[in-house]
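Here's the letter readout for the chains.
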Amino acid sequence: MPSETILLLGVNHKSTPLEIREQLALSSGYEEPLRALKRIEGVREYYLLSTCNRVEIMVTARDEAQVVKELSRFLFGDALSPEQYEKYLYCYRNEEAIHHLFLVAASLDSMIVGEAQILGQLKEAYRWAAAEKCTGPVLNKLLHKAFSVAKRVRSETCIGSSAVSISYAAIELAKKIFGSLENKRVLLIGAGEMAELAAEHLVGNGAREVVVANRTLERALNLAKRFNGRAVGLDELFDQLEQVDIIISSTGAPNIILHKEDVKPLMRNRRNKPLFFIDIAVPRDLDPALNDLNNVYLYDIDDLNNVVELNKAERDKEAVKAKRIVDEEALKFKDWLAGLAITPTISALREKGNQVCRIELERTLPRLTNLSTKERQSVEKMAAAIVSRLLHDPVVFLKSESCKDQSEMKVDLFRSVFGLEKKK
Amino acid sequence: MLNEINYLLFHSVLAVSFVASAVYLVFFFSQREKLRTIGRMILLGSGILQSCYILSRYLIAGYTPITSQHEAVTFFAWSVTWAYLSFRWRYTVKNFGTFVALMVLILLLLAATVSREFSPLAPALQSLWLPVHAGVAVIAYGFLALAFIGGIMYLLQERELKSKRFGFFFSRLPSLDALDQLNSHCLTIGFVFLTLGIITGSVWARQAWGTYWQWDPKETWSLITWFLYAAQIHQRLTAGWRGKRAAVMAIVGFSSVIFTLWGVTYLLGGVHSYAQ
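Sequence lines, in order, name chains X and H. Sequential numbering from 1 applies to the first sequence in this note's numbering. Sequential numbering from 425 applies to the second sequence in this note's numbering.
The set of hints was computed from the structure by calculation and includes no laboratory data. Some clues are possibly wrong.
[What the hints assert, rightly or not] Computed beta-carbon distance windows for the label pairs:
id, chain 1, residue 1, chain 2, residue 2, range
1, H, Arg589, X, Ser155, 50 to 56 angstroms
2, H, Trp513, X, Glu19, 56 to 62 angstroms
3, H, Thr644, X, Glu156, 27 to 33 angstroms
4, H, Tyr690, X, Asn294, 35 to 41 angstroms
This structure is a prediction, so every number in the text was calculated from the model and none was measured. C-beta: ideal position from N, C-alpha, C; glycine also.
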């Protein structure tokens with residue numbers, strides 16, 4: 001840590017509006033920007049994370065001020081002048097940088113706190129950086145630690161367990177009804193954007209088929225094509241209701257399009273297999289009384305929002321626990337770094353001790369001509385023992401916790417006292 | 425000597441089952457996975473101890489210990505425990521174990537309150553049919569009890585989903601589908617054994633009393649129970665009865681089982697009454 005600083009620069013969804021993030025130079029792939037980073041003077045290890053919500057660069061570097069300037073220019077390219085981007089950019093050093101990385105990995109800095117995607121993105125970013133041989137001992141260790149912190153947060157808190165968007169809430173409910181979504185059929189009534197998003201999530205969770213029913217068949221066809229599904233006319237609705245399991249309704253119809261009395265007789269033909277209606281249209285498409293039917297579950301947009309709100313409150317509580325884990329792990333990592341900082345000093349000291357020992361032995365032994373081999377060895381051993389005895393206490397002092405925070409000062413002082421060369 | 429062992433065994437069964445329930449309950453509230461594994465191990469221990477206890481009673485009495493109130497209830501608890509463990513071996517139903525452990529504990533506590541005396545076996549019961557008939561019936565009760573527990577869990581979870589107010593149980597209970605399958609699975613096995621129980625009973629009755637069926641209150645109630653379950657299985661197969669209705673039926677059927685087990689003895693009497 002003393003000679004090299006860990007720097008983290010970046011912008012995220014909190015600090016920077018989308019319009020600015022869009023202009024950042026690194027929108028496509030990792031390869032090219034990583035190579036560009038290599039050309040920046042003073043940077044030793046580096047890695048780059050780019051998602052739709054954040055772009056972050058992490059480096060270990062010697063000449064801090066210069067590197068920060070270079071990196072910001074690299075981030076923003078020619079899109080913005082330094083005065084403009086100053087207010088968007090955040091820049092963390094050492095402990096702060098470690099802490100921030102852990103927060104990101106644990107999904108505590110995400111737009112939807114607790115979502116699992118970020119860890120995958122982080123891993124991918126690291127894979128790229130490792131493939132290009134951009135990372136070294138410090139960043140390798142740091143990133144692996146970040147992954148394990150994320151894992152720990154996930155297993156020790158419930159931060160990822162609750163759904164905090166409407167689509168996720170719908171999935172969570174569907175899973176509580178159907179167990180798994182494998183082989184379940186989805187019917188979209190109306191081809192709106194929300195319905196599309198929800199269907200996407202359902203398919204992502206294993207739903208087998210998507211059927212789209214729409215007033216205009218053309219739109220239905222287009223949407224159905226996206227999911228490899230079928231399109232049907234609205235007049236075929238009742239036939240379809242016998243086949244499907246999950247219905248997402250989002251038409252612009254002014255009145256209710258499906259009444260309790262319409263669905264009730266269908267249940268017999270369905271052999272009472274459960275039906276899950278999701279009504280995201282305003283005004284509502286589906287008769288609220290549907291929920292009274294056996295094995296029929298109806299959720300409208302307000303119900304789903306309630307689920308989301310409930311989960312958010314729950315999740316905020318979990319986030320406090322998760323932050324504590326991150327704090328703890330960041331401290332541990334700091335200790336590891338401090339240890340890393342003194343390792344070269346300790347080995348330099350030992351080296352110096354051995355050297356002194358060797359020189360003195362070479363000077364003395366030739367003069368002691370009448371020594372037997374065994375006696376010679378004893379003398380050598382004694383010299384080595386004196387040196388290591390003498391160095392024992394200083395090394396213990398260096399490793400001690402006593403002044404961990406001033407480790408840099410301590411190491412410098414130590415080096416002067418023992419006449420070790422200044423660190424590069 | 426054997427008597428002391430027998431006494432000690434029953435108390436260790438009680439203690440171990442109590443610990444199992446406690447661990448499961450803590451798990452149910454805290455949702456710490458580790459506790460569940462521990463709870464299951466302890467429940468398995470309880471199942472083994474229960475087997476030992478029943479065996480020791482067998483050795484002391486010299487006949488299958490299922491003729492007194494205490495013995496029948498202990499056997500019932502044993503059957504629920506092993507039915508669950510055998511079920512758990514193939515399927516996982518989230519947090520099912522907590523409910524089962526509680527039910528086993530309640531049964532054992534009931535068994536602890538009644539007399540544990542050994543009483544001589546009535547001449548009519550001295551037959552190889554006793555272990556066969558009673559054993560088969562008790563296994564049936566074990567699985568029907570599981571279906572009952574599944575039914576209660578279903579109703580709890582369904583209420584959360586229908587009312588859209590997600591409280592304590594929502595995240596802790598499994599999906600409706602899993603509970604419905606549990607219901608179907610346990611009911612099928614339970615029903616087969618129940619049928620076998622009635623058949624073996626009537627064959628035995630033919631040998632002992634010369635008639636297959638004598639409308640003893642317990643026989644009548646077993647038949648009522650049998651019809652309740654038969655109707656439910658029939659409806660599931662033909663009309664696709666499932667979900668809430670199946671859950672309610674499992675609970676109704678089990679109430680009939682309980683009445684057959686206790687109510688008949690206390691209220692109606694008859695040849696099946698337990699030795700007092």
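Against the structure, the hints come out as follows:
1. Arg589/H x Ser155/X: 50 to 56 angstroms: violated, 29 angstroms
2. Trp513/H x Glu19/X: 56 to 62 angstroms: Between tryptophan 513/H and glutamate 19/X, where Cβ atoms are some 59 angstroms apart, the hint holds.
3. Thr644/H x Glu156/X: 27 to 33 angstroms: Between threonine 644/H and glutamate 156/X, where Cβ atoms are some 57 angstroms apart, the hint is violated.
4. Tyr690/H x Asn294/X: 35 to 41 angstroms: The hinted range 35 to 41 angstroms holds for tyrosine 690/H and asparagine 294/X, with Cβ atoms some 36 angstroms apart.
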